[in-house]
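> One-letter residues, chain by chain:
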Amino acid sequence: MLCEQCGEREANVVIRETRNGNVTERHLCAQCAQSTELGSLFDEIPFVRILSGILGMAGGSRQKESEEDFAAVTCPTCGTGYAEFVKNGRFGCPDCYSTFGILMDGGIKKIQGSDRHMGKRPLMAGTPASVPEAESAAAVPEELSVSEQIQVLRERLSEAIAEEEYEEAARLRDEIRRLEKEAES
Amino acid sequence: MTKWYDEEGAGTSVVTASRIRLHRNIAGFPFPEKMADGDLKKLNAELADTAVGITGRFDLPADRFELGDLSGRARQALQERHLISSSLIEYTKPASMVLTKDESIALLFGGDDHLRLQVSVSGKNLEGAWARAGRTDDWFNERYPFAFDDKYGYLTAWPTHVGTGMRAYLILHLPILGRTRRFSSTVSEVGHFGIAVRNAFGPEEENYGDVYVIYNQQTLGQSEEEYIALVNKVGTELAVQEERLREAELGKRRSQWEDAVWRAYGTLRYARSLPLKESLELISRVRLGECLGLLKPEKTISLLPLMQGCLPATLCTVNHREAGEEELASLRAAYLRASFPDMMGE
Ligand SMILES: [Zn+2]
Ligand SMILES: [Zn+2]
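Sequence lines, in order, name chains A and B.
Residue numbering for the first sequence follows my numbering, starting at 2 and increasing by one per position.
Residue numbering for the second sequence follows my numbering, starting at 4 and increasing by one per position.
For each label pair, taking beta carbons as the anchor points, the in silico distance ranges come out as: (1) Gly71/B to Met119/A: 32 to 40 Å; (2) Glu85/A to His195/B: 31 to 39 Å; (3) Val55/B to Glu85/A: 34 to 42 Å; (4) Glu85/A to Ser187/B: 33 to 41 Å.
FYI, nobody ran anything at the bench for these hints, they're computed from the structure.
Here a beta-carbon is modelled for each residue, glycine too, at the ideal position from N, C-alpha and C.
Turn these sequences into a full structure, and let the hints steer you where they fit.
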């Protein structure tokens, strides 16, 4: 089957959405899925907000200021800039963890529920420049607030989009919408 | 050669398979996305050379290939069998793969991380998969230092994989539990424990064939053994619920189920055209019939390989041709007619 949008490439993505009990189905190629369906995902949850939310700078003018401050930060090892890091939600090299780790300020903890590795250790490791201790390292596990849950879901959403798991992305987006409604009321 | 999933044993009626996936990066290099293609190609090749040693040690013959040398269809077929992730289908940077012929060990070099290591075994055996994955992990780590941080653990391109870099998966057949009204609340309940439940086949809104995948969402903060114990615990609980419901159904509606499973078997043995969704549902039903003792196949119904064999890219690849929906349905029916075993005492 050819893509409904461009009519050129093979449709290898089916996007099903349930809205008010009606199921709509669209067969698209990966490129069109990215630019149309997920275009609307991008509009609603711009990537710039996804990680900046995680970075704990959510909200208003403060966010804007911080972003201007951070805009100049670039990983010295791989050259990943702050904007690129925020856009992709991905690290470029092991040293990015120390470069952006300072800015993350508990962000990893919010995604993972923890910021301390407890598992297997390597036989042979190359340790990057050490990551500064978060002052909250000893803090007890906390319940995530609704806005933090939303931040975590946004991070998962950016991963799902990058992995081209569109159905998962749609599900996450709905979950984010639901939580946002909950937060409003 | 038989695949790992062909060994699917009797007695594992709900938990069909177990899988461990590890993400690792070599210290001193940026992650693949940030590497020059030439450097990445060289590193991939070195790691693939190293991989041959470990597959040899396990006595598993393996194929080695470049993803770039495969057709789009062939890459889709690998993705359908969860040997590569969907982002690799149209990936343009160098990526190499070492895949044992039984597909139980899949090593991907390049992609998001330098090494993506996957071990699959049949039945409920995450411990076995982890033991094998751990040995493979060590094999590489004896030769290459890994990017590791005392605080954050194994460093990965995605912050969602950092720490252990490990996801543990159980693949469950839940033909009755999955269709109950309370299943969706069960799914969100286990979500609170950090366990995700996904459809193995079919779109998000609709499950084809009652097969579900559960895995640990978090990778940092607990040990590998603790994550495995958590996934096992949830998997066991779901399996117990499924078994109970099966028993109750058999008590209440034995003759209806007997009719339903034999009808499904008849369709699989004789149909000339079968859409994907219907095929997976029929396979699920016949497998349920076997588990309930309503029909006795001469050889156990292997849920996963039969279902995977129905998927579009795999059908195209096996038949060495491109096919539209209609032709796929007839290729699928032919495949299923040939694959379904005879029944004893028929
Ligand atoms: Zn298109
Ligand atoms: Zn970096």
